[in-house]
Amino acid sequence: MKKWICLIVIAMMLLTLPACGQKEGSGELVIYSNSLTDGRGEWVEEKAKEAGFTVTAVQVGGGDLANRLIAEKNNPVADIVFGLNTMGFESLKNENVLLEYVPEWAGEVEEGMNDKDGYYHSLVKQAILLIYSQDVYSEATGPQDWTDLWENPAFHGQYFLFSSLSGGTTRAVISGILVRYLDENGELGVSEEGWEAVKQLYDNGYIAKEGEEFYALLAEGTTPMGQMWSSGLAAREEQYGVKSYYAKPAVGVPYVVEQIGIIDGSSNIDEAKKFLDWFGSAEVQGKWAEEFYSLPANKEALSFAPEYIRAIDESLTVQDIDWGFVGAHIEKWAEKIELEIMR
Amino acid sequence: MKHIMAKMKKVNAMHFLFLSGTTWLLFAFLIFPNINLIFETFFQDGRFTISAIERFMKSGRAMRSLKNSFILAGTLAITVNLLGTFIVLVSDYFKIKGSRFLKIGYSSTLVYGGIVLASGYLFVYGSSGVITNMLMKIFPAMNPHWFEGYGAVTFVMTFALTSFHIIFLSDALKNIDYQTIEAAKSMGASSWTILTKVVLPVLSPNYFAITILIVLTGLGATSAPLMIGGEHFQTINPMIIRFSKSIASRDIATVLSLILGIATIFTLFISKIIESRYHYMSVSKVKTTLIKQEIKNPAVNILLHVSAYTIFLIYVIPILLIIIYSFTDGYTIATGNIRISSFTLQNYTSLLFQPSSYKPYLTSIVYATLAAFMVGALILTLARYLRSGKSFYRSVVDYALMTPWLLPSTLIAMGLIVTYDTKRMLLFGKVLTGTPVMLLVGYIIIKIPFTLRMTNAALYNVDHSLEEAAKSMGARPFYIFRKIVFPVIRPFILAIFVLNFNALLADYDLSVLLYHPLYEPLGVVMKNNAESQINPNAQALVLVYSVILMLISTISLSLVYGKQKKVL
Chain A
1 MKKWICLIVI AMMLLTLPAC GQKEGSGELV IYSNSLTDGR GEWVEEKAKE AGFTVTAVQV
61 GGGDLANRLI AEKNNPVADI VFGLNTMGFE SLKNENVLLE YVPEWAGEVE EGMNDKDGYY
121 HSLVKQAILL IYSQDVYSEA TGPQDWTDLW ENPAFHGQYF LFSSLSGGTT RAVISGILVR
181 YLDENGELGV SEEGWEAVKQ LYDNGYIAKE GEEFYALLAE GTTPMGQMWS SGLAAREEQY
241 GVKSYYAKPA VGVPYVVEQI GIIDGSSNID EAKKFLDWFG SAEVQGKWAE EFYSLPANKE
301 ALSFAPEYIR AIDESLTVQD IDWGFVGAHI EKWAEKIELE IMR
Chain B
1 MKHIMAKMKK VNAMHFLFLS GTTWLLFAFL IFPNINLIFE TFFQDGRFTI SAIERFMKSG
61 RAMRSLKNSF ILAGTLAITV NLLGTFIVLV SDYFKIKGSR FLKIGYSSTL VYGGIVLASG
121 YLFVYGSSGV ITNMLMKIFP AMNPHWFEGY GAVTFVMTFA LTSFHIIFLS DALKNIDYQT
181 IEAAKSMGAS SWTILTKVVL PVLSPNYFAI TILIVLTGLG ATSAPLMIGG EHFQTINPMI
241 IRFSKSIASR DIATVLSLIL GIATIFTLFI SKIIESRYHY MSVSKVKTTL IKQEIKNPAV
301 NILLHVSAYT IFLIYVIPIL LIIIYSFTDG YTIATGNIRI SSFTLQNYTS LLFQPSSYKP
361 YLTSIVYATL AAFMVGALIL TLARYLRSGK SFYRSVVDYA LMTPWLLPST LIAMGLIVTY
421 DTKRMLLFGK VLTGTPVMLL VGYIIIKIPF TLRMTNAALY NVDHSLEEAA KSMGARPFYI
481 FRKIVFPVIR PFILAIFVLN FNALLADYDL SVLLYHPLYE PLGVVMKNNA ESQINPNAQA
541 LVLVYSVILM LISTISLSLV YGKQKKVL
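For the protein sequence lines, the chains are A and B, in the order given.
Residues in the first sequence are numbered from 1 upward in steps of one, following this note's numbering.
Residues in the second sequence are numbered from 1 upward in steps of one, following this note's numbering.
Since the hints were made in silico from the structure, they are not lab data.
Any given hint could turn out to be false.
[Stated by the list, open to error] Each computed EDC-like pair below joins lysine to aspartate or glutamate, with the alpha-carbon atoms no more than 16 Å apart: (1) 47(A) - 28(A); (2) 58(B) - 340(A); (3) 274(A) - 104(A); (4) 73(A) - 421(B); (5) 359(B) - 42(A); (6) 274(A) - 50(A); (7) 47(A) - 277(A); (8) 93(A) - 331(A); (9) 209(A) - 231(B); (10) 274(A) - 28(A); (11) 527(B) - 38(A); (12) 248(A) - 320(A); (13) 58(B) - 42(A); (14) 243(A) - 139(A); (15) 58(B) - 187(A); (16) 47(A) - 210(A); (17) 287(A) - 42(A); (18) 299(A) - 104(A); (19) 332(A) - 187(A); (20) 274(A) - 100(A); (21) 332(A) - 54(B); (22) 185(B) - 294(B); (23) 292(B) - 92(B); (24) 95(B) - 231(B); (25) 209(A) - 148(B); (26) 93(A) - 307(A); (27) 483(B) - 468(B); (28) 299(A) - 322(A); (29) 527(B) - 210(A); (30) 67(B) - 231(B).
[Stated by the list, open to error] Far from chain A, by Cβ distances over 10 Å, these chain B residues were calculated: (31) 71; (32) 74; (33) 92; (34) 196; (35) 298; (36) 348; (37) 422.
C-beta atoms are modelled at their ideal positions from N, C-alpha and C, and glycine is treated no differently.
Take these sequences, add in the hints, and give me the full structure.
Structure below.
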């Protein structure tokens, strides 16, 4: 028995070890993304191959992705990164991880989404919604804006909040609230009134424990209100058998935009540029939208998105948020909220 | 310094090579990358700053969490030792009907932990859990969220942490010289006196090692407080992990982590003092094997049987429910409403029949095997050296080996990447960042302190006089090690190997930063699947992965450990 185990282990080691060679200008692209789950990674690799690229797609979760890229910046492994939102790309840009490159399709993207300095460009947009269960509220009785949650005592304890601000959706929600109270002289650029608003939000909400699923609590009616990203709605409504409305605030809703950029120090810069031109094009993004129910940032690809997501998009206005400013402050905001505001 | 130099001259070339090799290893992989990072925390833009400490002191939430971590660690040091002693006595010391069967149940925490273990207990006692539902039928007015807070966290973690006893105390108990018990008996000592005055004192080195690990795990508690602690009983480690991933808040994570690390090393220091004061050794050279003790008093006997089986149920129901729920859909798992129609095989088929799904298992098994083996061998060598005498250098090495306990694994990973992303003389001009070796190095580093503590405890069981006898007969050191030392510590070393292997198999925090793009480890793949934004069944996938991991762990345990001792 023991011999067998030894043999298996040795065989495994032999199988895995000899691949230490590093690629050097070989034309092979390594792509880091937090948006490769649910078959997206395989899709990218396959379609890229058809288009003549050799691509390795590496999935790394949102928060860890930026950390990994910043840590590796002196000796980058990746050539391209996509999927992080504007806040994430802003911090990559500030840490000098990105290379400036304006892809051919940059002009087709909706205005105000691409980086003004040309370091990153937009692929997919996502509306961040406040949803509420149709079992409990009508469109008239439900919250019309995030501010209603703490201003109306009837909603207290009825909305779901995460206990950490590490998630991109949560950060977008908080940003959407705090940017209404910007004040140069305030703490971290936000007025006292703004911090009080966030305190009210957390004091009066239901703060989830790890492992609690928002949609389960929504379906039960325990917390019939909470945050949701637009393209995740349909699958969950079906799974949990519950329908919800979403708030349409007068100031608009935050749109999170997933971006793409080239890593400075990539050993395949020319190939990476070609890949960017191909991947962000209306044709590829249209197919991506069709396959993965997303909302393309490229206007010419928009018609490929599923009907229901386009309907959500058309019913909303975009909240005016300076993501550059938010990107520079969000980490500190998150820390302050987690340390001082949450109980 | 002169003193050390003088000593150095005396030792032979081999010894010198060994010492310089050790010094290089410690400096290159433990001290330099970590100190580098700690240094950066307190010196930003070239100036000394304590802003992190100030920000942390201002936070009521952080201070409360820190306090809770210490309370939890202190409580667990008592409760886990009590329960652990009980289950070890039931399975290996007293004559209990079905004790072998009971021991399998008691050992169940060896194959699962963390989030999965906590969710298992929530399936039983949580707001929609089995027991809660039963109680609600009897007492409709009761609060469904009764299983929450300090008591609940202590309960879950007490059961979770007894695996240390199962592995290390059981073996040590079997090594006890039965003649000492017989002697006590013939002098008329009661069972209780024998237990407390003869048996347990001999085990004290094992208790010291285990207690340190309990305190450490208690201080670092993450999943149980997050999932069961509720608003009033949160601990500090989730905050450390969270902040260590944020560029702007990393300094706070370092400070908090240093506080925990210093507390750990302080515990170690205290226990070393106590340890040196009370040192019990079995003096017999010809040991007789332990015979299970009968309990004479029938009332006590019944009571012991009832408690043994009740505790058995507490151990096994959560793990059974995890297996059952892994066959249901996400909705059932989240709400607890289990119906015949909720059962499905889809979770398993969707994970197991993907063409690419076996590779992460292979990758993780290879990495975990290599790392567990290398750290075991390295630490065994170093621990033998550390115990071969007393010197300043030895204590430096001893404490240097503890440095991974000073930082959370995310920061250890960052330290490694940042230090070895350029060609450094320290590594003979090799770049580690972006190579498959990096993850192996990381795995070895985070497992060093645990391995050292357990190996040290194992070496206590080696009889020095046997070694000396062999030496006086002219045996070479390696021969002595092979023929005398290793056979005694083999069960412990194998146990350490398996524990390390199992722990590394599903590691996420370290892996995600260090893995090579072509070799995705299991923990990363699991987390990616579990956090799928589209698939609402993600929770079910977590359970499926856990069940598969349990299976691998059980196999590895029974192959390496069970075969030898025939206990599992």
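Verify the proposed pairing of residue 332(A) with residue 54(B), using a straight-line Cα cut of 16 Å. holds (14 Å)
Holds or violated: residue 527(B) with residue 38(A), Cα cutoff 16 Å? holds (13 Å)
Mind checking the alpha carbons of residue 274(A) and residue 100(A) for me, to see if they're no more than 16 Å apart? holds (14 Å)
Verify this label for me: residue 298(B) is non-interface relative to chain A, using a Cβ-Cβ cutoff of 10 Å. holds (44 Å)
Mind checking the alpha carbons of residue 58(B) and residue 340(A) for me, to see if they're no more than 16 Å apart? Within the cut-off at roughly 7 Å; holds.
Satisfaction of hint between residue 104(A) and residue 299(A), Cα-Cα up to 16 Å: The hint holds at about 14 Å.
Restraint check for residue 73(A) with residue 421(B), where alpha carbons must lie at most 16 Å apart: holds (8 Å)
Would the pair residue 274(A) and residue 50(A) pass a check requiring their Cα atoms to be no farther apart than 16 Å? Judged against 16 Å, a Cα distance of about 14 Å means the pair holds.
Say whether it holds or is violated: residue 196(B) keeps its Cβ farther than 10 Å from all Cβ of chain A. Given that every Cβ of chain A is farther than 10 Å from that of residue 196(B), nearest at about 40 Å, it holds.
Given the proposed pairing of residue 67(B) with residue 231(B), does the C-alpha separation stay at or below 16 Å? Holds. Residue 67(B) to residue 231(B) sits at ~14 Å (cutoff 16 Å).
Taking 16 Å as the top limit, are the C-alpha atoms of residue 209(A) and residue 231(B) close enough? holds (8 Å)
Hey, residue 58(B) versus residue 42(A), does the alpha-carbon distance stay inside 16 Å? violated (47 Å)
The structure fails hints 13, 16, 24, 26, 28 and 37 (numbered hints given earlier, in ascending order).
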